[in-house]
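K.L.:
If you want the building blocks of each chain, they are given just below.
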Amino acid sequence: MTPHSIGRPGRRHVVVVGAGPAGLSAARAAAEAGARVTVLDASHATGGQYWRHAAGPHEQLTDEELRLQHGWDTYCVLDAAVRSHPAVELVTRAQVWAAERHDDGPRLHVLVGEPDDAGRVPLTFSPDAVVLATGAHDRTLPFPGWELPGVTTAGAAQALAKADGVAVGSRVLVAGAGPFLLPVAATLAAVGATVLGVHEASRAGALARGWLDRPWRLAGTSGKLLELAGYAAGHVRHRIPYRVGEAVVAAHGHGRVEAVTISRLDPTWAPIAGTERVVEVDAVCVSHGFTPRLELAVALGTAITTERFVDVDVRQRTSSPHVWAAGETTGIAGVDAALAEGWLAGHDAAGGAPDERRARTAVRRRAATHEVARRMAAAHGIPVQGAGSGPGWLRWLTDDTVVCRCEEVTAGRLRDTAAVTCSTDPVSVKLTSRAGLGICQGRMCSAAVTAILGAPGALESRPVAAPVRLGDLARAAGPSA
Amino acid sequence: MSRDDRVTITVDGVPVGGRAGQSIAGVLIGAGEQAWRTTSFASAARGVFCGIGVCFDCVVEVNGLADVRACLRRARDGDVVVRQHIAPPEVIP
Chain A
1 MTPHSIGRPG
11 RRHVVVVGAG
21 PAGLSAARAA
31 AEAGARVTVL
41 DASHATGGQY
51 WRHAAGPHEQ
61 LTDEELRLQH
71 GWDTYCVLDA
81 AVRSHPAVEL
91 VTRAQVWAAE
101 RHDDGPRLHV
111 LVGEPDDAGR
121 VPLTFSPDAV
131 VLATGAHDRT
141 LPFPGWELPG
151 VTTAGAAQAL
161 AKADGVAVGS
171 RVLVAGAGPF
181 LLPVAATLAA
191 VGATVLGVHE
201 ASRAGALARG
211 WLDRPWRLAG
221 TSGKLLELAG
231 YAAGHVRHRI
241 PYRVGEAVVA
251 AHGHGRVEAV
261 TISRLDPTWA
271 PIAGTERVVE
281 VDAVCVSHGF
291 TPRLELAVAL
301 GTAITTERFV
311 DVDVRQRTSS
321 PHVWAAGETT
331 GIAGVDAALA
341 EGWLAGHDAA
351 GGAPDERRAR
361 TAVRRRAATH
371 EVARRMAAAH
381 GIPVQGAGSG
391 PGWLRWLTDD
401 TVVCRCEEVT
411 AGRLRDTAAV
421 TCSTDPVSVK
431 LTSRAGLGIC
441 QGRMCSAAVT
451 AILGAPGALE
461 SRPVAAPVRL
471 GDLARAAGPS
481 A
Chain H
1 MSRDDRVTIT
11 VDGVPVGGRA
21 GQSIAGVLIG
31 AGEQAWRTTS
41 FASAARGVFC
51 GIGVCFDCVV
61 EVNGLADVRA
71 CLRRARDGDV
81 VVRQHIAPPE
91 VIP
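Same order as they appear, the protein sequences are chains A and H.
The first sequence begins at 1 in this note's numbering and counts up one residue at a time.
The second sequence begins at 1 in this note's numbering and counts up one residue at a time.
Bound-form chain A, shown alone:
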C-alpha cells in the first residue's frame, strides 16, 4: 500500500505517538527545530491520562473540572502551540496497531475512527523518526475478589472523574502503593464520593528511606513536591484517613463489591495474621504502580532495561535508529520529567542542535526529576522477595483467586498446571493454562503470572500492538485504492 507520507525533500518527518505531556512537548520541540510533525493519539482529545478531560479543544473547563486538573495552564499553552504550528498535523482517534522495522526506517500502521468501530480508516506512515510517548497503565496485583464489578484501578477512578464527571462509587476505599493514590482520593472526593481511606502498602520505614533521605538532592523538583503538598492539604480538608503498611487483601460481594478486607502488612508486603478488618464499600480503587506500554518499542527493536522500561540515553535516543522515547515508557517520574524528556526527544529527533541553551536546560530538568523517580521506586516499589518463596503479597492469594481476568484462570490452576507439566516457564504455562491468552493479551496479569510461577518473566512480544477487527486487518493489508 502507499505510505501516507508527503515528505518535502530535506525536511525531516517526525511521527510522535501519544499526545500526553511527553508527546505534546516532543511535537512542539520537533516542529520548532524545523521538522514536519505528525502527532497520533488514540483518544478523542489531547492531554493523555494526566490531562484527561471532557472538553473539546475549543471548550473551556468548568470550575469543578478545573479543580481536578494540575498544571492546566501548561497544557493549554502546549496544546495551542502544537495545534497552531503550521508544520504539525494532529490526528486524534488514531490507534497505532502495528510497527515494523524496514531498511529505510520504521513503518507505523494506524486505524483512525471511533474506538473499536468497524471500517476505521487505515493509514501507514514511514517517517524519518518516531518519538514513542505511549505512557503507562496502572499495575494492580491480584487479590481474591478483584474481578468483582466496583473494583477498579486507581487510574480508572481518575479517568472517569476527569473525563466523564462521575464517581466510581459513593463509599470508596483507595489502596495500593505510590503517591498517585493521593490525587485519586482527592479527585474522588471532589466528584462527590466519600473516601473511606487511603491504604498504602509501603510501611513508614520504606517511605522515610525513599522520600526523606538526603533532601537536598530534591532541589530543583519543587513543582512535584508542591503538588504532593497540595494533595496533603486536600486530605486534611476532606478528612481522608491515610494509613501506611496496609493493603486490601480481599474483596467480597455477590455480583459487585460490597466489602473489602484490609490487613496490615510486613515489610515484604505479606499480610500479618490477626490484623484483618472488614469495611463496607460500594467501590474500591487499587493500584500498585504503573506498567509502561512497550508494544511499539519492542516491535521497533529498542533495548529494554531490567526494570522493563525503554532504554534511552541523555538525548532520549533508544538503541534503535530512527526511534526516540519519552515520558512514562522510559520511567515513572511524573509530569515535569515527561515534559523535559519530550522536549529533548522531539528536538533531537528533528535534528536540533544538542548543545543549544534550551537543550542544556532540559537535560538539567530531566536529571532533577529523575531523583524523584528513584525515590518513588525506593518508597513505593513492590517487594521482589519475601521471607518464604516469592514476594510477600503472594500470601494473600487463595487457590480460587482469579489471576488472568480474561480467561478466568485462578492461582490454583496456574500452580497445578505448572506442577502437572513440570514447567514454570511462563510461555509454556500460558499455553497450557490459557493465562494471558485473552483479549487483553496478558497486559493485566503477565507480571503476576511470572511472580506466582517464581520464574523470570519473558518480555511479551505482541506483533499486534492493539486488538483490531479482522475486517479492518484485511482492508489495511489489501491493495490501496
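If you are wondering where the hints come from, they were derived from the structure by calculation, not from laboratory data.
None of the values given here were measured: they were computed from a predicted structure.
Wrong hints could be hidden among the right ones.
Unchecked claim - Here are the computed distance ranges between Cβ atoms for each label pair:
(1) I86(H) with G205(A): 42 to 50 angstroms
(2) A31(H) with D73(A): 28 to 36 angstroms
(3) T361(A) with R76(H): 39 to 47 angstroms
Unchecked claim - Away from chain H, derived, C-beta distances all over 10 angstroms, residues of chain A:
(4) G34
(5) H70
(6) C76
(7) A87
(8) V112
(9) G205
(10) A208
(11) V278
(12) V298
(13) G351
(14) R360
(15) H370
(16) A378
Even glycine gets a Cβ: it sits at the ideal position worked out from N, Cα and C.
Given the coordinates of chain A, assemble chain H onto it according to the supplied hints.
P.N.:
Then chain H, alone, in the frame of chain A:
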C-alpha cells in the same frame, strides 16, 4: 455540541440518559450501573476495571458490533447498547 447537551442511549432496550461527551461507561456509571458484561466461563459479572482501554473487561455490544470498550467509546444519541455475554463454544465429544 455543548457539554450541556444530553444524549440518550438504550441498554438492552431501556433508555439511559447521559451528558454529551461522556463515554458509554461514564453514562452507565452515572446511571448507577456497575456491571454490564457476563464472562464466558464463570458467567460472572464485570464492569469497568482499568478505565483506559487496556483490560477489555467493560466491553459491550454497540449498534450490533460486539467487543466495544465502553470506557473508550463516546456515547452518541441513539446508540443501541447490549450487555455482552458470549458463551464458550460447545465441546462435542
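K.L.:
Take the hints in turn and mark each one as holding or not.
P.N.:
Right, here's what the structure says about each hint:
1. A C-beta distance of roughly 48 angstroms is found between I86(H) and G205(A), which places it inside the suggested range of 42 to 50 angstroms.
2. Separated by about 34 angstroms at the C-beta atoms, A31(H) and D73(A) satisfy the suggested range of 28 to 36 angstroms.
3. Restraint check, T361(A) to R76(H): a C-beta distance of roughly 45 angstroms satisfies the suggested window 39 to 47 angstroms.
4. The Cβ of G34(A) sits about 34 angstroms from the closest Cβ of chain H, beyond the 10 angstroms cut-off, so the non-interface label holds.
5. At roughly 18 angstroms from the closest C-beta of chain H, the C-beta of H70(A) stays outside 10 angstroms, upholding its exclusion from the interface.
6. At the 10 angstroms boundary, the C-beta of C76(A) stays outside the reach of chain H, the nearest C-beta of that chain being 17 angstroms off.
7. Once the 10 angstroms rule is applied to beta carbons, A87(A) is consistent with being away from chain H; the minimum gap is 29 angstroms.
8. Interface exclusion of V112(A) from chain H stands, the closest Cβ pair being 14 angstroms apart, more than 10 angstroms.
9. Distance check on G205(A): its Cβ is at least 31 angstroms (rounded) from any Cβ of chain H, clearing the 10 angstroms threshold; non-interface status holds.
10. Distance to chain H confirms A208(A) as a non-interface residue, since its nearest Cβ pair spans about 31 angstroms, more than 10 angstroms.
11. For V278(A), the condition that its CB be more than 10 angstroms from all CB atoms of chain H holds, with the nearest at approximately 20 angstroms.
12. Distance check for V298(A) against chain H: the nearest CB is about 16 angstroms away, which clears 10 angstroms, and the non-interface claim stands.
13. Distance check for G351(A) against chain H: the nearest CB is about 33 angstroms away, which clears 10 angstroms, and the non-interface claim stands.
14. Remark: the non-interface label on R360(A) is consistent with the geometry, its nearest Cβ contact in chain H lying 35 angstroms away (cut-off 10 angstroms).
15. Non-interface call for H370(A) relative to chain H: holds, since the shortest CB-CB distance, roughly 25 angstroms, exceeds 10 angstroms.
16. With a minimum CB-CB distance of about 26 angstroms to chain H, A378(A) clears the 10 angstroms threshold, and the non-interface call stands.
Hint compliance for this structure: every hint is met.
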